[in-house]
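**Student:** What follows is each chain in one-letter form.
4 protein chains.
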Amino acid sequence: MNTFGHLFKITTCGESHGGAVAVIIDGCPPGLAITPEEIQLECDRRRPGQSALTTPRQERDQVHILSGIFEGHTLGTPILLLAYNEDSRSGDYEAIKNVYRPSHADFTYQQKYGRRDFRGSGRASARETLARVAAGAIAKKYLKQHFNIEILSYVEQVATLRTTIDPQSVSVEAIESNPLRCPDPLMAPSMMELIESAQQAGDSVGGVIQGVLRHVPVGLGAPVFDKLSADLGKAMLGINAVKGFEIGSGFAGTTLLGSQHNDPFILRNKKICCTTNHAGGILGGISTGEDILFRVAFKPVSTISKEQQTLNVAQENVSISVQGRHDPCVLPRAVPIVDAMAALVLMDHYLLHKAQNQ
Amino acid sequence: MNTFGHLFKITTCGESHGGAVAVIIDGCPPGLAITPEEIQLECDRRRPGQSALTTPRQERDQVHILSGIFEGHTLGTPILLLAYNEDSRSGDYEAIKNVYRPSHADFTYQQKYGRRDFRGSGRASARETLARVAAGAIAKKYLKQHFNIEILSYVEQVATLRTTIDPQSVSVEAIESNPLRCPDPLMAPSMMELIESAQQAGDSVGGVIQGVLRHVPVGLGAPVFDKLSADLGKAMLGINAVKGFEIGSGFAGTTLLGSQHNDPFILRNKKICCTTNHAGGILGGISTGEDILFRVAFKPVSTISKEQQTLNVAQENVSISVQGRHDPCVLPRAVPIVDAMAALVLMDHYLLHKAQNQ
Amino acid sequence: MNTFGHLFKITTCGESHGGAVAVIIDGCPPGLAITPEEIQLECDRRRPGQSALTTPRQERDQVHILSGIFEGHTLGTPILLLAYNEDSRSGDYEAIKNVYRPSHADFTYQQKYGRRDFRGSGRASARETLARVAAGAIAKKYLKQHFNIEILSYVEQVATLRTTIDPQSVSVEAIESNPLRCPDPLMAPSMMELIESAQQAGDSVGGVIQGVLRHVPVGLGAPVFDKLSADLGKAMLGINAVKGFEIGSGFAGTTLLGSQHNDPFILRNKKICCTTNHAGGILGGISTGEDILFRVAFKPVSTISKEQQTLNVAQENVSISVQGRHDPCVLPRAVPIVDAMAALVLMDHYLLHKAQNQ
Amino acid sequence: MNTFGHLFKITTCGESHGGAVAVIIDGCPPGLAITPEEIQLECDRRRPGQSALTTPRQERDQVHILSGIFEGHTLGTPILLLAYNEDSRSGDYEAIKNVYRPSHADFTYQQKYGRRDFRGSGRASARETLARVAAGAIAKKYLKQHFNIEILSYVEQVATLRTTIDPQSVSVEAIESNPLRCPDPLMAPSMMELIESAQQAGDSVGGVIQGVLRHVPVGLGAPVFDKLSADLGKAMLGINAVKGFEIGSGFAGTTLLGSQHNDPFILRNKKICCTTNHAGGILGGISTGEDILFRVAFKPVSTISKEQQTLNVAQENVSISVQGRHDPCVLPRAVPIVDAMAALVLMDHYLLHKAQNQ
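Protein chains in written order, with the working numbering: chain A, 54 to 411; chain B, 54 to 411; chain C, 54 to 411; chain D, 54 to 411.
These are calculated hints, taken from the structure and not from any lab test.
Here are the simulated lysine-lysine pairs, PhoX-like style, with alpha carbons at most 25 Å apart: (1) 197(C) to 407(B); (2) 323(C) to 150(D); (3) 324(D) to 150(C); (4) 407(D) to 407(A); (5) 407(A) to 197(D); (6) 407(B) to 194(C); (7) 324(A) to 150(B); (8) 194(D) to 407(A); (9) 323(A) to 150(B); (10) 197(A) to 407(D); (11) 150(A) to 324(B); (12) 150(D) to 324(C); (13) 194(A) to 407(D); (14) 323(D) to 150(C); (15) 150(A) to 323(B); (16) 194(B) to 407(C); (17) 197(B) to 407(C); (18) 194(D) to 407(D).
None of the values given here were measured: they were computed from a predicted structure.
Just chain A, same shape as in the assembly:
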């Protein structure tokens, strides 16, 4: 339903044009020092209106801490983070009230629930991810502080343009050095140009985000259904517009021979390591201590300015085109969401491991 995680458990709520979007984080250990600014910082990375690459909507997205934190530390009780909805020009949405926009959730919501909040996509809005990013900021802080875990992701591909930069060498500074969040200074300009062209043509583009999780302790995960890779996959596939996920060698690895794909164990500084990392840092569902590497495929945004044919709720043929400037590419704003979901998965598995190891 609307809960993610088992021990570090978040429950989100909020339509994009209701009163607020919010999240309750249940299970955060007590005693973590966390400031409103640390949470806001992550949320600002997700905020619309940051650059010409994304939606021009201006939302302040200010997150309020309403419970669970006292005198700057978590209490061990549930934490409520909430952002009021401000940009609620409901009038704008009359035009789409009765239309099933192509590749939107309008149709499936109507069929499933018999009704829907049509203003700004309601619960299907990307705005819901604000709650995830806010919660993820707390997990990220905890993991950084306790294990020095680094969680970062970046735009690796935009449409057919792809950087071949080595994920293991990427820094957060390089990622944040341009509004696209692609750390390759050679490729980023062409990618950004492509996005702007698509925008001007009333169209949109997709792409791929690469994730890197560093310093994850060996032993996190579970052997069967709840493999760390499976939970990362579910986390990513639960983000709007995601159509694919791969870990380590992924789809490309299917063409290798076993003798090429196997990662030999060696001793390095008295620590057991692998000479290659086709596994992507996870064996048998459990972290190996190597970097966890994964890729997430995002389809192009379905909301475009170009005119499209579709049906309305009365099953009549209609044509629609989004008025005003649309968001041509979700990728730059999806980067902090990918980070947040990865942090939530790691945090949950860490607590589970803490409960059940010797």
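Since chain A is already given, all that's left is putting chains B, C and D on it; use the hints.
**Tutor:** Same frame as chain A, but now just chains B, C and D:
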């Protein structure tokens, strides 16, 4: 942990060389007619020793129904399905007792738990999936009977060989027409030849399985974390050796423009349909009524006969090579596992939908 | 943790002197008509300051609907109900900041979490139940509308004074006819007098609340761990100050013989009924269709004006006495909490039954 | 459904006359030394046919370990414990096949599921508790070994006969010194006589079991819905025939004044203790370190030899009387079930605490 699903909930157990592998299915509605033969049939598709393409180990894998079914019908109480372990030549495993096999879970289990059942990979064994297939047979029967849902999957790619057969035209008979479970009569022979060459070279190959779910009613799934696509992804990524999952257009779809990728709605026989299916049958996490199409990437099997360098538990360099004939390709036996996991996901979401719609 | 229920699932948060108390209700079916006033009405029954019998603190407890309800109907998406904290005179709490109040949770919170919000008991405050009552109002409305289920409870016993009024004859009007919520016009005045005497003596009293659930359909519940009686018991024992729960004949029934206790089945208006109801409306964990009858024991309030000896956090002997007028009896305000928890249990089991029956 | 616990999670299955009763224990930490004999010992305490006080049915109830334990230690993987059903004289049950026995679950199962296994009550049989006791033996061992926690319970009351022995002074040896499991040498003989008289009269008796949990560390439990007392209550109310539960002062405590009921904190050997224990070892849902004391009310067994009037499935009036010697009192065999459920609750809360404290 070892439970999958929320309302149609399965809990599996069993090391490959302990007493048995088993599954408790909790939440199956009462009154479903099911015979031991229907369950066995699915399990036999997963059984080792079916053909020269897979492991030669002979396991009968006879599944016993020990609770929850009475006079040929489910009671609504938990169903216990159990298969005793027979091929328990524990002696065979002394050689690998103290070795961390490359790309196996030996190392991560030892680190996580501080001990492991080294015989035949213990809980990390593919044998665990027998329990899933047995449980999936019940879900499959229910879905077929109530909605005429067809669940089928097949081998689409072996190493670099790929069939371009249209998944929407494939029949279960075509899939079962050869031991590889590839329904393309032109490509299947080359693929099988490739597998046998790899086997003779002491090596192994990976590939891709394509899944197709037909006649899924519109409205199954959930909007946020538990999108139908996310749960299918988790289900597949929880199968041993899986490194990637994509739904609909997947990674390839990331290169399209929004105007190309969007699936227009039209009316066909008074029913709302899409002219294309880049979505893969799921919009906003909820089924559209179109065929659900997904692809699953399997890495090459890590157990090979070729000699490999690795470490033992004393952190010494050792070389290993599996004795006897090894399994060069998991794909044909993975097909019924993919089917089973898909059936479990659909069944769970169907019951959730039943609970919560009007 | 802070979630109750599985399909109609509520998650509460909020310290008594943090920003707000709130609840997310996940799993409410779409299409239920519900107004803010209907929710407020239940919350007002729980509000402090209603009468001389309870705490004099004045809290408006206004509940805001921030998501999940649109155009007067539930959307099927999570519902956020929130009440801001107003009466936050944190200064008042300096006196108890470092003291372990007798029979309060100060000591156990400090030991468990290593820190606590000492203002007004933080999360251990009765204020947390406001969130439960607000959520319960929605469940109550649904059950009333779909099955005409009546949920009512009343004060049956105050200290040693007990009414013997027949629970099956009690109406909500009779319960609300006096501020104590005891429907017995003969006993209520003495009970109220007793409470006021205790208050004046700086002391407090406990008692028993009787619950009655009418028109519950046959078949709700589960056979083993999640018996309807077990879930009602957990719901009630999770309310602050509750020390006991009994269903049907309860502790008194332990002295009967089997032949006296068994409830014979008979046919009444072509419906299978029982001539007696020692079972309290539940057999084998499943509702029989008879009235569900249970009793809940509340200890006397631990916060009293009388001076008491205790320890402070430095482990020194100190004496404390609550300043100002204290709450001498939780019973009248606990009635709507008992109602709410019963409604939540029934609603959850109803949805589970809907999912899993034929 | 059929799962109890969240981190130390048991799932039971099995009709009394199906193939087996079994339990999967998921979440047991690795490395616990446990022998089949230790598990069997607890199960033998629950076994029918131990004495003249209980059912004469002879069941060996041999428990088999089929997974999760290797070389005498838990692996951290799920543990399957299974006992085959032996005393399956299905023929005996033809007489009750179509009858709704008074105060049995026949009627509610039939209504809920539309069918039932009528042989020996199917899933509603007391035999199901064998699975709980087997699982509880592992939890009990873990808690004893890690914290020296002692879990014991005993028969305190049979019909109107009650011992006033101090629960804090009772030893397991005293409990096991007679077949009734009442540690009071003065009262036990009269109680046993009363049970035998009831048996001879074709009738049955109920009573109360007192539970004592010693050396529980301070800090286990949770503040809101999952109070340790609420989870103990649910665990006990989920046992067949239980109609009431109280913790600490319970129903009797409702007649005290707050000043009498409050347990003052004092320092004893530099440890914070309470001079009284009306709380029963739990404050605000969290353990105080004092003994946890609770009482469980069992109604008289519903299966009696005396003739009773009831209805059959065709809604006709019929009379029934159980043939052969019936079980006049569940109490002695319920003692190990109460122990097991308490152990499961403590173990689950211990793992949760381990996950979430600093």
